[in-house]
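Q: For reference, the chains in residue letters:
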Amino acid sequence: MSSTTVQSGLARARRGVAPGGSGGRPRNNGLNRKSKLSAQTSRTYFWLLLTSVILLVLIHGYPLVYAGVQATHDGNLIETGNFVGVENFANVLGSAAFWKATQFTLIFTIVGVFGSWLVGLGLALLLRTKIPAGGTFKVLLLLPWVVPIVVSSTAWNWLVATPESPVPSLFRALGLGTPLFLADPTLAAATVMAFKVWVSFPFMMMMTSAALASVDNTVYEAASMDGASRFQQFSQITLPLIARSTYISWILMTIFCVNDFPTIYLLTGGGPVDATTSLVVLAYRKVFQDFQTGPGVAIAFLMTLTLVIVSVILYRQIRKSSVE
Amino acid sequence: MSAVLHAHPESGPALGVTETGKPRRVLSEAGMRGRWWRFTLILAITAIVLVPIMVTVVLAFTPGPTSTATGFTFENISYVFSQTLAATWLKNSLTVTLATVVVSVAVAAPAGYVLSRGRSKAVSGYSLLLFVMQSLPIITSVVPLFILFAGMGLVDNLLGLTIIYVGSTMTVATWMMAAYFDSIPVSLEEASWIDGCSVFGSFTKVVLRNSLPGVLSTAIFAFLLAWNDYLVAIVFLRSNEIFTLPMGVQSFFQQNLTDWSGVMALAVIMMLPPIIVFATLNKYFSVGGIGGSLAGR
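Chains as they are written, first to last, in the working numbering: chain A, 30 to 353; chain B, 156 to 452.
Hints listed in this document are in silico derivations from the structure and should not be mistaken for laboratory results.
Keep in mind that this is a model prediction, so the values were computed, not measured.
Using N, Cα and C, we set each Cβ at its ideal position, and we do this for glycine too.
Be a bit skeptical, because a hint or two may be false.
To be verified - Cβ pair distances, simulated, as ranges:
{"hint": "1", "chain 1": "A", "residue 1": "LEU93", "chain 2": "B", "residue 2": "PRO340", "range": "33 to 43 Å"}
{"hint": "2", "chain 1": "B", "residue 1": "ALA434", "chain 2": "A", "residue 2": "THR335", "range": "36 to 46 Å"}
{"hint": "3", "chain 1": "B", "residue 1": "SER237", "chain 2": "A", "residue 2": "THR165", "range": "29 to 39 Å"}
{"hint": "4", "chain 1": "A", "residue 1": "ALA223", "chain 2": "B", "residue 2": "ASN395", "range": "28 to 38 Å"}
{"hint": "5", "chain 1": "B", "residue 1": "LEU283", "chain 2": "A", "residue 2": "SER71", "range": "11 to 21 Å"}
{"hint": "6", "chain 1": "B", "residue 1": "PHE236", "chain 2": "A", "residue 2": "PRO269", "range": "48 to 58 Å"}
{"hint": "7", "chain 1": "A", "residue 1": "PRO269", "chain 2": "B", "residue 2": "GLY351", "range": "43 to 53 Å"}
{"hint": "8", "chain 1": "B", "residue 1": "LEU198", "chain 2": "A", "residue 2": "GLY123", "range": "50 to 60 Å"}
{"hint": "9", "chain 1": "B", "residue 1": "PHE236", "chain 2": "A", "residue 2": "ASN120", "range": "45 to 55 Å"}
{"hint": "10", "chain 1": "B", "residue 1": "ASN365", "chain 2": "A", "residue 2": "ALA219", "range": "46 to 56 Å"}
To be verified - Short, incomplete list of chain A residues facing chain B, as computed with Cβ under 10 Å:
{"hint": "11", "residue": "GLY151"}
{"hint": "12", "residue": "THR183"}
{"hint": "13", "residue": "PRO195"}
{"hint": "14", "residue": "PHE230"}
{"hint": "15", "residue": "ASN288"}
To be verified - Incomplete in silico selection of chain A near chain B, CB under 8 Å:
{"hint": "16", "residue": "LEU93"}
{"hint": "17", "residue": "THR158"}
{"hint": "18", "residue": "LYS159"}
{"hint": "19", "residue": "VAL180"}
{"hint": "20", "residue": "THR333"}
{"hint": "21", "residue": "LEU336"}
Please model the entire structure based on the sequences and the hints provided.
A: Spelled out as structure tokens, the structure:
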């Protein structure tokens, strides 16, 4: 079960069909018992799906509908409040904080996606070559993805938080001044993004490794016989062959970055002076610190909308690049 | 599919391939030198990347500033167990996580079977629905759920937390199970149907029995999601003795900003289970599933 889960999932979503490509289906194989089996099968399917449907309605369906109610009311966590129409959306869209958070989310996402992709791709290519103990390195390099964010953010805090922390001390010793990694707005944003890349590159590395493993090595032999350079082989053969998987990993990482909460919140809490406040952090603060449910949920809704639009654009790209 | 971590292509593009097509011969002196150069490079990268994790481990087992001990010590670990609610938090985290794993698999396996075998419009519609729900930000549903659960006494409650975790794992978990069931040929089931077995019977006796890798991948995914979650926990948990480990670590950290030995001891306790799971079951570790798992967390 590797990236294939997601890849086949996306492929299915694009085609709009249920999974089940490889197998046939029961009701086609029963021959003389066809109709009897079919009715019985449908009944069984119904019962097998029931708990899943109930949970989906309770945990996903209901909240989504209720969030729609909250976004159009001026209530708080205790009362629904009065219906205010699109006022919350208007307020949110008219506030500077929202646009600042949008800008940060955008930069955070772009750096998160491409930063982790470049690092992951580089390492995947390196690990694809013969290296002593290569398998061990591959496992060790996955640790940033496995270790809980709560733990790694604590370690990062210890490393960079105060002027006396090890990393600023190292910079001082090298005569580079004393950077305030979490206190300076620009540096704090950069630190949060570096942390995100550190957490996410193993995912990209795994996705890319899986894609590279399916590339037939004989194509390189043919290419080098034709006089293609290493770089040409990489850009003309490797990249196009893993393009589909690459796009899928970009889409997923975009979703992870936009929806990310702990990476930012645990390192900086959204500060200093809101420099690292993403849309999720802003929505969280609005609801649970300012007790303004309506605007908070409105932000979450706008985010959902953006995510859908971005995914649609990227889906189209996948379809275009499909090398099936 | 589960071979992500085992894939060691025999020769890569960076390996010299002669025009005669005999890669082995090139691996002479220059090839060997390249190998060790790359080894040094990856060793350096890995060392830098793992600094935060090594720091955590080292600090957890180094005596704190007020301690009289020297060298390696378990002092910090025993300190957090005796002076904080670490044992309770650990127990809470384990309870919630194991419950999430068991229930997620129990819900996702039958649903995944229907997604894998069924071909009706309703089934494909449901499958799309799961996919859409999966990519929505969790913050959207957390607020309404908070209000719903407050009315039911499920806020600050481990059962409430488990229900939300099961809800957030079920979409990806169902897809993962369905993808695995796809790889089990229907012909295996046909044989049992001819023997008079029902569809449900063939699902449990034939399909499920042959799906251990799929179940394990799904279980690992659910485990990591529930174990690592912070957003749901910070919203739903209020009292110290109901905290799961992420909340415990954070609250201790915020109250004792300078007690790094204590924080790191808690951090080590928290990262141990995922690392054990990863170390023992890494061939079932799934990129896609785990990818989905951390969306929005």
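Q: Okay, which hints does this one fail, numbers in order?
A: Nothing - there is no hint that the structure violates, so all of them hold.
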